[in-house]
Structures are given as C-alpha cells and as structure tokens.
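J.: Chains as they are written, first to last, in our numbering: chain A, 1 to 312; chain C, 1 to 261; chain W, 1 to 227.
Just so you know, these hints were derived from the structure itself, not from any lab. Just so you know, even glycine gets a beta-carbon here, dropped at the ideal spot from N, CA and C. Errors might be hidden in some of the hints.
[What the hints assert, rightly or not] Residues from chain C that face chain A, not an exhaustive set, calculated with beta carbons under 8 Å:
(1) 84
(2) 92
(3) 93
(4) 113
(5) 128
(6) 130
If you want the building blocks of each chain, they are given just below.
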Amino acid sequence: MTEHIEAGAYTFAYLDEQTKRMIRRAILKGIAVPGYQVPFASREMPMPYGWGTGGVQVTAACLVPEDRLKVIDQGADDTTNAVSIRRFFQRTAGVATTEATTEATVIQTRHRIPETPLKAGQILVYQVPIPEPLRFLEPRETETRKMHELEEYGLMHVKLYEDIARHGQIATSYAYPVKVEGRYVMDPSPIPRFDNPKLSGNPAIQLFGAGREQRIYALPPWTEVVSLDFDDHPFQTSKAPHDCDLCGAQDSYLDEVITDDQGGRMFVCSDTDFCEGRRAKGHAGRLGGDQKSSKTFANSFEGIWPGTEGAR
Amino acid sequence: MTMLERMAVTDQPLLRVEGLTKRYGPRIGCADVSFDLYPGEVLGIVGESGSGKSTLLSCLAGHQRPDLGRISYDGRDVLAMSETDRRRLSRTDWAYVHQNPRDGLRMGVSAGGNVGERLMAVGARHYGEIRGKATDWLGRVEIAADRIDDRPSAFSGGMQQRLQIARNLVTSPRLVFMDEPTGGLDVSVQARLLDLLRGLVRDLGLSVIIVTHDLAVVRLLAHRLMVMKSGRVVEQGLTDQVLDDPQHAYTQLLVSSVLQV
Amino acid sequence: MIEVHDLAKSFTLHNQGGAVIPVMAGAALTVAPGECVGLVGRSGAGKSTLMRMVYGNYLAGSGSLIVAGVDVATASPREIIALRRHTLGYVSQFLRVVPRVPTLEVVAEPLLALGTPADEARNRAADLLRRLNIPERLWTLSPTTFSGGEQQRVNIARGFAHAYPALLLDEPTASLDAANREVVLTLIEEAKARGAAILGIFHDEAARARVCDRLVDVTGFTPRLAA
Chain A
1 MTEHIEAGAY
11 TFAYLDEQTK
21 RMIRRAILKG
31 IAVPGYQVPF
41 ASREMPMPYG
51 WGTGGVQVTA
61 ACLVPEDRLK
71 VIDQGADDTT
81 NAVSIRRFFQ
91 RTAGVATTEA
101 TTEATVIQTR
111 HRIPETPLKA
121 GQILVYQVPI
131 PEPLRFLEPR
141 ETETRKMHEL
151 EEYGLMHVKL
161 YEDIARHGQI
171 ATSYAYPVKV
181 EGRYVMDPSP
191 IPRFDNPKLS
201 GNPAIQLFGA
211 GREQRIYALP
221 PWTEVVSLDF
231 DDHPFQTSKA
241 PHDCDLCGAQ
251 DSYLDEVITD
261 DQGGRMFVCS
271 DTDFCEGRRA
281 KGHAGRLGGD
291 QKSSKTFANS
301 FEGIWPGTEG
311 AR
Chain C
1 MTMLERMAVT
11 DQPLLRVEGL
21 TKRYGPRIGC
31 ADVSFDLYPG
41 EVLGIVGESG
51 SGKSTLLSCL
61 AGHQRPDLGR
71 ISYDGRDVLA
81 MSETDRRRLS
91 RTDWAYVHQN
101 PRDGLRMGVS
111 AGGNVGERLM
121 AVGARHYGEI
131 RGKATDWLGR
141 VEIAADRIDD
151 RPSAFSGGMQ
161 QRLQIARNLV
171 TSPRLVFMDE
181 PTGGLDVSVQ
191 ARLLDLLRGL
201 VRDLGLSVII
211 VTHDLAVVRL
221 LAHRLMVMKS
231 GRVVEQGLTD
241 QVLDDPQHAY
251 TQLLVSSVLQ
261 V
Chain W
1 MIEVHDLAKS
11 FTLHNQGGAV
21 IPVMAGAALT
31 VAPGECVGLV
41 GRSGAGKSTL
51 MRMVYGNYLA
61 GSGSLIVAGV
71 DVATASPREI
81 IALRRHTLGY
91 VSQFLRVVPR
101 VPTLEVVAEP
111 LLALGTPADE
121 ARNRAADLLR
131 RLNIPERLWT
141 LSPTTFSGGE
151 QQRVNIARGF
161 AHAYPALLLD
171 EPTASLDAAN
181 REVVLTLIEE
191 AKARGAAILG
201 IFHDEAARAR
211 VCDRLVDVTG
221 FTPRLAA
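Bound-form chain A, shown alone:
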C-alpha cells in the first residue's frame, strides 16, 4: 500500500497514510452506523470545493493498487469533472480505470447511480455538497445534531408537506430524503429521485463524502433505505416521459439535450456506459445507435458542454 507508483512524486492516492487512516476510521464508523454523519478532518485537495473533494478523499482512502476505478459525473464518464478525477487517480495511484460499470471495483459518482445493477464487492463513492437533510428548515447544526440523536424527524415531512401544498405533489426531484434502516434520515446527495430505489438493498458498499462540510456517511451492503413520503402521496420515481433517442431504453434516466435554436431536442441516457452497452448490443433509438457516446454526441452541438474540451 505504501509503495509510490510515480517514484517519489506522491504518496499512493495523494493523501498521506495518516490521513487515509483517519478517513478509513470515519468510513468504518459510518458503515457501522448506517446513515449517521461522521465528522472527519477534511483535507485541502488540489481542486476546489464543490468539485468532489469529499468523494475524492473517500476514494483515496479506499483505493488499493489492484482497483479498477470508474468516475462519472451526471452519469457520464467523459465530462470535465469525471475526467479530471479519473486522471488525478491515474497519476497519483496508478490504478487502472474503466468506463464499464461491471468492470469497476470503485466508482466515484456525482449525481447518479449507474443503471447497471451493482455487485457485491463494488464500492460506490458519492460526492456530497450538503450532507445535512434537515438544514433546509433548521439551519442550526447544534439543533440538527440533536434532532438526529433524538430521531425528531417531523421537520423532514414539513418539507414534503410544503412541496405538496405549493405544487400539488412532492416536487423534490433530487436529493430526496431517505430513512436508513428505520433510524437516521439521510440526504442521498443530489441524485435524481429516480435513483432512490437503487439505494436500498444494494449489494455494493455505498460511501458518501462531503469535503467542505467534513462529513462521511455510509450504507453497508443490503441496507434498507426508504424514501420519505405521505400515505396519500406515496413516493414515486420520475423521469422524462420518453425513450432514449440513441439506444431506445425505456427505463433509464434521461438527459434532455437541446440540439438547435429552433426548439430541436433529444433525450439521451444520462448513464453513458449503459447507453453504449445497449447500442453495442444492437439496440437503437429514434436517432439511431451510431454515435460514440451520448454526451459526445451532444457535444457535437456547439456550446452545450463548455469546458469539456480539456478533458478529451
């Protein structure tokens, strides 16, 4: 574990061993108490807050040289964030990387859970901007910690009540709050609520890192995770009412891509690996299956994904 991949340049996976030990302890505690936010001494990373510093630290603490890393941002392997983080670990840990969900041992993600079901032995690391689900209504950290301690979660339902009162339905479409093993209420990070059911009973280990907020929390394999709701307004997933225009998938989460300034648009799988996998097997949507990647395809339209040039 301690050998340096790039001789003398970095400790394996950038962080020093003591820091990784500290983070691993936090992770273990998080796994032992599913859904509980464990404080940790978040380090300065060579990237700004908001770019996944929490997730990167968790990933760094988990990686071993034999790992095969996949990094996705909004489901895509080829966007700036994903590419930079993947390259960061290629350089600092020298681990193998992949875009295939099935081949990865560690997957760092921002805003999505892969469509392809995860397996036992895999680790999914989420980047979390705001770990505290109660903050929306109770800004005092002292008070929210007390509320978690005493399981005073009425406030979470007030948030959902407000949604229904204002919009006629629960309009929270991402970072939809969940209750873990009947105990802690948890923010699942800004994944679409479409992904919420995948949190529960998942054979993979799910780890959540919030760098700026200095919190780590976790879901061990097969944890029961329930999305909060009302009896008369039960939790429902939502997605754009379309099929993927590239691979024709009917059951994957879609991104809407504006293709021109005449109102043209398309819907494509947000999970690029999933979409490509389907097209490789011959599935095709409205616009055919000949594009290399849904995001790359989208990028052929000017100005849609600014800043990704450096990543390619």
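Place chains C and W on chain A using the hints.
T.: Then chains C and W, alone, in the frame of chain A:
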C-alpha cells in the same frame, strides 16, 4: 371532556413543583418555588423584569435545568426523564407559546406546515388529514382557511400569535406554558387573543402557566396568581383576591402602580 | 347555606408606613336556603367588604365563613373556584369582561364553564337578556360599550344564568328604571322560591322591603378604632 369533568375525575395535580431553585452563579434566578397545578387551571405568574418569572417558566418547560427541586408531571419525575422523553413530552402533551411569535413559528414555512409540524413530529403521515386538521385549527384561531398556504411573514402580529397558538395546540396538549403571549400586541388585538385563550382553556380543559407583567391579562385569564420578586414567590392565591386584597408589600405596590386593572 | 361566625378583618398598608386598619370584628350572620338577608349600615360600614369576604375576594382575618359546607376563610383557591363555579354566584356593581366578547357569550359563560351544552347555555342567556330588555341587536356586541344601566342588566343576567344555591347581590337594582327594577326583583323572588340563599345590599328601601326576609346591620361589626 369538559374542564368540569376533568376536574371531577382527578384530584391529583397535573404538575407538582417543589422547592425549585435556579442560580446563575451567585445570583438567584428563582428560589424555593413550590406549587401544584390541577387540570383545567390557569396559573398566572406576575412580577417585574428580573423577578425570576421567566427563569421559572424556562425551568418548568425544560429549557433550563434547575439546580434544586422536583417537578412531577402527571406522576412522572420530569427532571429524571431522558432528554428524548422530555422532548417528546414537550411536543405532544406540553406546549410553549413565546412572546415573540417569530420565536415559536417557522417563518419560512406556510401556515399549514407550521400547524402540521407537531402532527408530523408524532407520526402523522397522511397529507390530507394533516391539512384537514390544520384547516380546522386555523378556523379555531380565526385565521381564514384560504391563508393556509401563506407564510407567517405575510401575517399581522396578532395573526402570527394566533397561528403560534394553533401550532401548539394541534396535538391537544394538556399543559401550556405562555410567556407574555399578549405582549407587543395592540390593545384591541390583545382582547381578541384573550377571548380566544379563555375559550380554548374552557373547551379543551387546558392547564396553563402564564407569565406576564400585565395584571389585566391575568385578571381575565388566570384562576390563581403567583407574585414573584427577586426570584421568590412573595404571595399566591386566588387571582381576584391577590389583586383586590394584596397582603404583601410588594404586591400592594404592584397593584397600586397600575392605572386600573 | 351561608354561615358567618366571629369574622374579623383588617387591612395592612405596607406602603403607607405599615398602617393597620381594622375594618371588621365579630361579624356573624346566617342565611338559610330560600331566604334573602339584606345588609344595612351607613356607607363605609363594611357591607361590601363583608360580601367580598364571603365570596373569597377579600381574605378573612379570623373567624369562619361557611358556604355550602366550605369554609371560605381557610379554603384553597381551588376549592373556592369550584365553589364559585357551582354554588356561589355574585352580582357585583361592576361588569368585568374581556373586551370584544359578545354580550350573549358573556351571559352564557358561567353555564359554559359548568359544561352546559352551548345551545342550551345560549338559549338561557337569550331568555334572560330578553327579560331584562336588552335589545337583541346588542347581543352580538361587547357590553363594554353599553350604558351603565345596560351593563348592570348584563351583569345581572350573567349572575342569574346558572341557578346558584347561594347568591351575593351588590346593589342589583341601582341605576335601573322601574320596569327593569321590577324584572330584577322578580328574578330574586324566583331564586328564593327555588331555594337559593341570598345575601344582598340594597340601597333601594322599597326593594329591600319587598325581597328581604331579614336585615343585618353591619355597623355592629365595626371594630373600635383602638388599634
């Protein structure tokens, strides 16, 4: 159950306070306060600023821990309860009405959400029923049903205070703490609130501890009165008796200092 | 129903050099059910003071004050509250109510406090207000804005709403016109007929003569100003 029936079925005090003392370093917050409060009874606590009445209220309501003394509620030792139990008690069986409604309301949440919060906190999970109860309670405190989705910041001071009361009473608490509930309101608004409180006390059989410096308020609302000075109770008794035939020098001064009560 | 024995009372004015003013000593009287006893004596002799002590509004100094078996001189506030709610009514000279509350509610309140169904309580209140010639258009208004005579009649209606076994009346016919005075006297006679024990102060001699069975002169209870 009416107040009468509640009084008839129980001869046990709902709240029993014995020798309650709270110090702030060498300074006395309140000292050696004892009293019983029975179901359906309204106890007024009066005294000037610094007399210890607010300290006493916050000790009773569990916001501060007294140094000495006992508090038993419905036969249970409140000070020996776990914090979980005490907080559960304070959001179900107890209520606390703050002087400033902003301290007791969530200003960023709609009126309906404010009223519904305590229901949801004790496990209500049916939106329609929560909303129905909230509507009912808004009606009881004379807030039009079509304001249910408005935020309290759009309400007048009197409406905010009535909303705070609805939010507190929705879980049918048995014991209500009130800290200057009519303070800061216009006189006409005060009257309306007093009338409302009297009706609720009567109809729901509430036991109330109300702290105020307004003797007119306690005369109209409280059955019994406790007068505090320098942290100690100097006199207590039937409200009209204490106000009309005060025995202690301080009470006499207090009563004679008021224009007309 | 009402038994007063050897009752004494003094006021201590702490803020005026601790002056002790004895106002009553050796007061004694009884009122039987169905009987009306009038208190007489010059102004300031202690008629109202005695009545307020019977009601528990003033603390008794020593002696006993038994109303329906409860010694008001030593009873706890809780016992006095129960006594006032069920047994002992009081029509004072002043109407003290929460502003804004409609007259009908003010009158019905003693019944509502006893758990009487709201409709029944309001019907009874309406009957009394009608008898006392309070125009129906005023019923929904607060009596705080009424004339002195109207307020007095509302006060009487409130005092007679519940059929108290014991009643204290402080100048019930003062400031009333002949017709309303007649109504009040009839109410008193009806109360006596149903067995109420009534202790009253009446400056109106004709009224006193008509409803009082006995008179008690409180001048005899005035302590010598020896203290």
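J.: Indicate, hint by hint, whether the structure satisfies it.
T.: Hint check:
Hint status for residue 84 of chain C relative to chain A: holds, with the closest Cβ pair at about 5 Å, below 8 Å. About 11 Å separates the beta-carbon of residue 92 of chain C from the nearest beta-carbon of chain A, more than 8 Å, and the hint is not met. Restraint check, residue 93 of chain C versus chain A: the minimum CB separation of about 15 Å is more than 8 Å; hint violated. With a cut of 8 Å, the hint placing residue 113 of chain C at the interface with chain A holds, because the nearest CB-to-CB distance is about 5 Å.
A cut of 8 Å between beta carbons decides the hint on residue 128 of chain C: the least distance to chain A is about 5 Å, and the hint holds. Hint on residue 130 of chain C holds. Least Cβ distance to chain A is approximately 7 Å, under the 8 Å limit.
This entry does not satisfy hints 2 and 3, going by the numbered hints stated previously.
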